[in-house]
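Q: Chains as they are written, first to last, in my numbering: chain A, 91 to 336; chain B, 91 to 336.
Among these hints, one or two may not hold up.
Copies of the same chain look alike in the list, so a pair counts if it works inside one copy or between any two.
To be verified - Derived BS3-like pairs: lysine-lysine, alpha-carbon spacing no greater than 30 Å straight-line:
no.	residue 1	residue 2
1	211	242
2	201	233
3	309	174
4	174	211
Hints are computed from structural coordinates only; laboratory data are not their basis.
2 protein chains.
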Amino acid sequence: MRRLKVTLEYDGTHFAGFQKQAGTNLRTVQGVLGEALVKLTGEETVIIGAGRTDSGVHALGQVVHFETGSSIPVERFCKALSGKLPSDIAAIDAAEVDTSFHARRSALGKKYCYLVFNSRKPLALWRNHCYRFPFPLDMAAVKECAAILTGKHDFRAFSAAGSSVKSTVRHLFSLDAEQQGEWIRFTVIGDGFLYKMMRLIVGTLLKVGCGKLTTDQVKQILERGERGQGGFTAPPQGLYLVQVIY
Amino acid sequence: MRRLKVTLEYDGTHFAGFQKQAGTNLRTVQGVLGEALVKLTGEETVIIGAGRTDSGVHALGQVVHFETGSSIPVERFCKALSGKLPSDIAAIDAAEVDTSFHARRSALGKKYCYLVFNSRKPLALWRNHCYRFPFPLDMAAVKECAAILTGKHDFRAFSAAGSSVKSTVRHLFSLDAEQQGEWIRFTVIGDGFLYKMMRLIVGTLLKVGCGKLTTDQVKQILERGERGQGGFTAPPQGLYLVQVIY
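Construct the complete structure from the given sequences, taking the supplied hints into account.
A: Quick look at the structure:
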């Protein structure tokens, strides 16, 4: 047996999230990948993912690990696995790793992007790959607020109920907002993310940008750790798990 | 009755092209738009499009015109129509035009983009919105060949059989190839395009870029007007009708 680290790209549109949901017929990344591995290697194996992306969330660089007894050389594994996967998910890298490697626990951080189409125009082409926000944004205010959220903070106020983590302190190494015409891209690198944290941060920045919330209010919400006081949860289709950092 | 000019954006993935195909149940842009107009105005109307995009080809700015007796103000027409359209097509602009305006005949030119993912990596996220070409490209050769195709030429060699146009002379005002990491974007502005011309041009440029065809050979193919001698027809999912110029 050897342990493989595989990097995945997927279009989250037709997945009910990453995690397999026992007792349901939901199409999940973990489930589809497990079926492809059975086809390829004949083995049922436990798949550990770096992060549990929600339904509709995309990945350019999700990472998983699993054990396999297969003798397929690692340099051919990626192509062989992609051949067994449906067209909306692909294995883009495979590497043999030490048994001490763990896709989630070994991760030092993650990079996410969130794509906003800031226009009143309806959207057809990218409807499943970004979030249309129709109100004009004050990008200076957005960036000022992003600077406040950057750093090591208790992000309790920016987490959804339903997760059972020990600590809600996370370190955001960077949080950038770039505007290009009608498009805004938020890029975040952090050591970890609470449940729906990235989408709550984006919802808060958008609310600040359109003047419904001030930077001072966000500061208070962060300090007081009160859930439900900040912005809305930005919808999943704008979110991309870009990279897991090891 | 008044004549409206409506600009459409659509994701071509689930359309069997623009044109309605009598006697079939194929889902076409013209068909879907016609049904939405019936819902909105109660009228069955003839829809004229600027260009007949093929199955799988996308549009950021397709233009159509039609007559309507509806009293919906033009500034509200766009939103009202989008409300009756499925999510993969949207009306992004509407304007009242003179009856001399004709979506196809009044067009001075069109702008197309073609998106190539130049990588050996499999592609999941953008599988329906670009073409993956795995071979390394010599961009200097691609640009040299693009310069040869730019200008006014008989593009017979770059047209698919099956169309019955009087002249195969077209003027390409510009043909650019830009590279950004693994992505290549071809942008073409021309006074008109023969059947599959843009996709044949892209297929030829890619063949030149990977050394399977020389610029001199392309020059000869263009001069001799021999069909089937140049590149392959690049697949539809990389092609976008960006703008119709009036």
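Q: Of the numbered hints stated previously, which ones are contradicted by the structure, given in increasing order?
A: 1 and 3
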